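There are 4 protein chains.
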Amino acid sequence: MKIGFIGIGNMGFPMAANLLKAGHDLVVHDLVVEAVQQLTSRFPEKIKALSSVKAVAKSNVDLIITMLPAAHHVKAVYLGKEGLLAHISPNIALIDSSTIDPQTARDIALAAAKQGNPMLDAPVSGGTAGAEAATLTIMVGGDEREFIRFKEIFSALGKNIVYCGGSGNGQVAKVANNMLLGISMIGTAEAMSLGVSLGMDPKVLAGIINTSSGRCWSSDSYNPFPGVLENVPSARGYSGGFGTDLMLKDLGLAAEAAKLAKQPIPLGGLAQQIYQTFSLQGHGNLDFSAIIKLFQKK
Amino acid sequence: MKIGFIGIGNMGFPMAANLLKAGHDLVVHDLVVEAVQQLTSRFPEKIKALSSVKAVAKSNVDLIITMLPAAHHVKAVYLGKEGLLAHISPNIALIDSSTIDPQTARDIALAAAKQGNPMLDAPVSGGTAGAEAATLTIMVGGDEREFIRFKEIFSALGKNIVYCGGSGNGQVAKVANNMLLGISMIGTAEAMSLGVSLGMDPKVLAGIINTSSGRCWSSDSYNPFPGVLENVPSARGYSGGFGTDLMLKDLGLAAEAAKLAKQPIPLGGLAQQIYQTFSLQGHGNLDFSAIIKLFQKK
Amino acid sequence: MKIGFIGIGNMGFPMAANLLKAGHDLVVHDLVVEAVQQLTSRFPEKIKALSSVKAVAKSNVDLIITMLPAAHHVKAVYLGKEGLLAHISPNIALIDSSTIDPQTARDIALAAAKQGNPMLDAPVSGGTAGAEAATLTIMVGGDEREFIRFKEIFSALGKNIVYCGGSGNGQVAKVANNMLLGISMIGTAEAMSLGVSLGMDPKVLAGIINTSSGRCWSSDSYNPFPGVLENVPSARGYSGGFGTDLMLKDLGLAAEAAKLAKQPIPLGGLAQQIYQTFSLQGHGNLDFSAIIKLFQKK
Amino acid sequence: MKIGFIGIGNMGFPMAANLLKAGHDLVVHDLVVEAVQQLTSRFPEKIKALSSVKAVAKSNVDLIITMLPAAHHVKAVYLGKEGLLAHISPNIALIDSSTIDPQTARDIALAAAKQGNPMLDAPVSGGTAGAEAATLTIMVGGDEREFIRFKEIFSALGKNIVYCGGSGNGQVAKVANNMLLGISMIGTAEAMSLGVSLGMDPKVLAGIINTSSGRCWSSDSYNPFPGVLENVPSARGYSGGFGTDLMLKDLGLAAEAAKLAKQPIPLGGLAQQIYQTFSLQGHGNLDFSAIIKLFQKK
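Respectively, the protein sequence lines represent chains A, B, C and D.
Here our numbering is used: position 43 in the first sequence is 39, and no number is missing along the way.
Here our numbering is used: position 109 in the second sequence is 105, and no number is missing along the way.
Here our numbering is used: position 174 in the third sequence is 170, and no number is missing along the way.
Here our numbering is used: position 173 in the fourth sequence is 169, and no number is missing along the way.
Because the hints were derived from the structure by calculation, they are not lab data.
Treat the hints with care, since some could be wrong.
Copies of the same chain are indistinguishable here, so a pair counts whether it falls within one copy or spans any two.
Derived BS3-like pairs (lysine-lysine); straight-line CA-CA distance at most 27 Å [unchecked claim]:
#: 1; residue 1: LYS199; residue 2: LYS258
#: 2; residue 1: LYS147; residue 2: LYS199
#: 3; residue 1: LYS199; residue 2: LYS294
#: 4; residue 1: LYS54; residue 2: LYS289
#: 5; residue 1: LYS17; residue 2: LYS71
#: 6; residue 1: LYS289; residue 2: LYS44
#: 7; residue 1: LYS77; residue 2: LYS289
Here the structure is a predicted model, which means the values were calculated and not measured.
Hey, can you work out the whole structure from these sequences and the hints?
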């Protein structure tokens, strides 16, 4: 398939590379010329770099995928004067893999639909490691026929591909899951710190929790207490992984969505404030499981 | 083995019955005479009812097990003038299966040890259903040789028998696990309510969470959103299960232990207040997963 | 002075009326024609109704005041194609008395300044009663010379007129004050409910707090416990006053501003969630001091 | 009057001294002999040091006052084998000025009443400075006739003497007031930090709050932002004042009382956890207004 790809960043680069490896032709654009050049130099025959969003919109592609840092970039790329919707031909499909608030995702999809461009929201989780290994979880919202039509594309990018329902639901699923993750991680950090400070061995405590009703991914697959698991951020000083500031961004999206939906999220809201406190103390770049440091003596 | 058993309540009754079924002889006491009579009538040959704690202490048993509602009962039964420690012979072992704060468990075990009575704390989880089916999780603290010595007894009562380390650690494990459980349940309730109010199907959302990083026991085995799982309290109007007021008791123990240990538990503390709010509104007897009602329009 | 006034709602109506009483001439616009007609019929000689924002922009006035419900209305009125900035002559001054987030206030003031229109943000507090009695508190941000120039106008509208510094600072002051108010009210509700449930007389308890370090406006001037004060919402079933949903709006603005500023607001954030819970239970129209109902048995 | 005084610590020393200055004769006891000697050397003719609680109980006094650090000391001094109640003559009155939980205060007063000793709980606030200047606030619970009988004694110790109702109500009033204080201080810290980080001058912001609905003692008399007020802990690096760990103790009493009363205290509970987090980071000795450091970049 001939695909336009906008946003060759930390996540977009390996995703675009996986599409190229799967045999697709790409037309790419990013403001960071070096990223585009690096990608182009690796796949010179199957890729064409363009210097503007507008040029991608006007190129002869079946589908355009975008992978951008935040909602305001997505708005600019889709709705700006020089953006996609202003210059794209009808019927070209659109997939936005950025993580943004559901409302903006729906507003843009509606605008696209009005001019004949089907659009899916398809945020991913799994980090750069998952993007490189093509093992991302991809949560897709929009028309189910479009989802089926592009399933092969998603399969080149990830492993756990889930259809979540109508437009914006991919974002809803991600926001709901990540809010629960942010809560569980702090809960696990509190429970592990409390148990150990009361005299338990951390591995024994984690073992009990992991076979009991406190069991959760944060405890059994990503335990924040150093020494409990290998190959997780807590085993290497909380480097790598999913940064505190990225978790903070997702909890911010959850808070915004909850406000619009008039839904109370007392633990989700407090989790956001706790990560914000930790980030203010200078730890925004550490993996989010480092939040356990807040509960341990310096 | 000849065993004394004090506390024939909701949990103690089926536990005592399971010991009798396993072939042990019991000497029992409870202030509620009916419960004792009912048990005695079922196993007339292997059971002897006594009218006081002191009488149990003075009877010829190898081991005394207690299963009481709260720390003040445990203190009275063990440390009172007419209590166990004042009248027991040295070397009779003691197992307290009540759920109480770790500090009281340690204080009593120390007093017992001083007069030659080895003591284990062995709180359980799994509810009355688990007690009846002998599938309880039992978390045991105290001397490891005593744990090994009585492993057969524990095996007559439960399935997942875990040695947690020194005295009081059984209570620590239970308190840490249940605090995390109380947090995860509210987190799951918030995430499910938010996702559904934003337009997702609850089963689809639960499916995504359960294969992603938000996965937890509260979501995959006990989901609070009606219709997601069968045979859980949310499928039957939140009857049965683990009452809100019992979760509140455990979070109270966590808060007390955290205060003594000078450990912050921001989410654990807030979870306690949220269940308290719900209980004040008259829902203390509903299963704790009913907390999701706080996040849904009436 | 000849003044344009856009937004003749609950607050705007008495504010416009006070300007007319003070002798100014008004050119007014609101989408709700009835409100405009009602105002016009009271001051037929000094008022002129116009049918669009654009018409107000193009009329011959010295100053245009806007009083609108939320940021998206303010954006539309100032930045829309048919909005003020697109059609106004340079040098006409602008005062926005809506309560919105500081960032939007700054963005609009900057856009206005670029085309030669000085702009002040001037949110008010004091409710409709304060608007009618011209006793509002007005918090003003922007160029100090403009503040001085229009002080007389502000004096016709309120009593406590405070210059808060550069553009947007009026909104910052309001958001900070109201966040603290929202927190103090819940704190007072918790303290009063706790003390009374432990056996104290509410008036005696309020008396002690009001002469001690717990003293706050929520306790000494607006006590949420029924029977402590007269002429406050708690004395009349929480009708009138400052609605829970309005407090919720202001806490939402605080949360948004805090997110942008990367500032943690743990109590402010939790207060938002608590009012949201109360609103979801159907109490959004009650005065915000009704939050004490969450802490009392039904 | 001839008065027994037990507990010559930071607070007890100046209180005892004020009673001596007012002309009373004292019989004193404290485990710290140096404190007793220092006091005795200053008032050699009017004071007699005794070496045990029992000796004070058996001495010929009209009234015994106790001023102890925590509930377990109070229990030991009143209820121990060698304690006051075991050895005191009937009719000697008792006043406990320690800050403890209301339930313990009531239990002890009831035990005292049963053997004919009227007892008042009379916790104080105002710190060592208030104790020295005899300007303490004293909150008194118990029989009103006893309160009137000893009003002259209280007047020698403090300025704001309040009768709070029946036994334990002095403690209730203190716990409720201090919980609200602990909440307001964090709320003020959040609001000041947010406003200043959004560009406001701290003095201007405090000025607005102090004349608006966010007004509270924490803002107008003890502002935590450095530079706003003189002669408060924030003006001298948060030394002196009311230590974070003392606030933590009072919030712990509030949490315990709320648990017993089945009252939710979401903000009070979170405030406790926030001060605990701050204390764990090594700041327990700083004045509690230093909590603002959690909301400011290092």
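Structure-based check of all given hints:
1. Taking the shortest Cα distances, LYS199 and LYS258 sit within 27 Å of each other only across copies (22 Å), while inside one copy they are farther apart (41 Å).
2. Taking the closest pair of Cα atoms, LYS147 and LYS199 come within 27 Å of each other only across two copies (21 Å); inside a single copy the shortest separation is 41 Å, beyond that limit.
3. For the identical chains of this complex, LYS199 and LYS294 are intra-copy neighbours only, at 21 Å inside a copy versus 34 Å across copies, given an alpha-carbon limit of 27 Å.
4. Neither within a single protomer nor between protomers do LYS54 and LYS289 lie at most 27 Å apart by alpha-carbon distance, with minima of 50 Å and 51 Å respectively.
5. Taking the closest pair of Cα atoms, LYS17 and LYS71 never come within 27 Å of each other, the shortest separation being 30 Å inside a single copy and 46 Å across copies.
6. When the C-alpha separation of LYS289 and LYS44 is checked against a cutoff of 27 Å, the pair qualifies neither within a copy, at 46 Å, nor between copies, at 52 Å.
7. When the C-alpha separation of LYS77 and LYS289 is checked against a cutoff of 27 Å, the pair qualifies neither within a copy, at 46 Å, nor between copies, at 45 Å.
Checked against the numbered hints given earlier, this structure breaks hints 4, 5, 6, 7; the rest are met.
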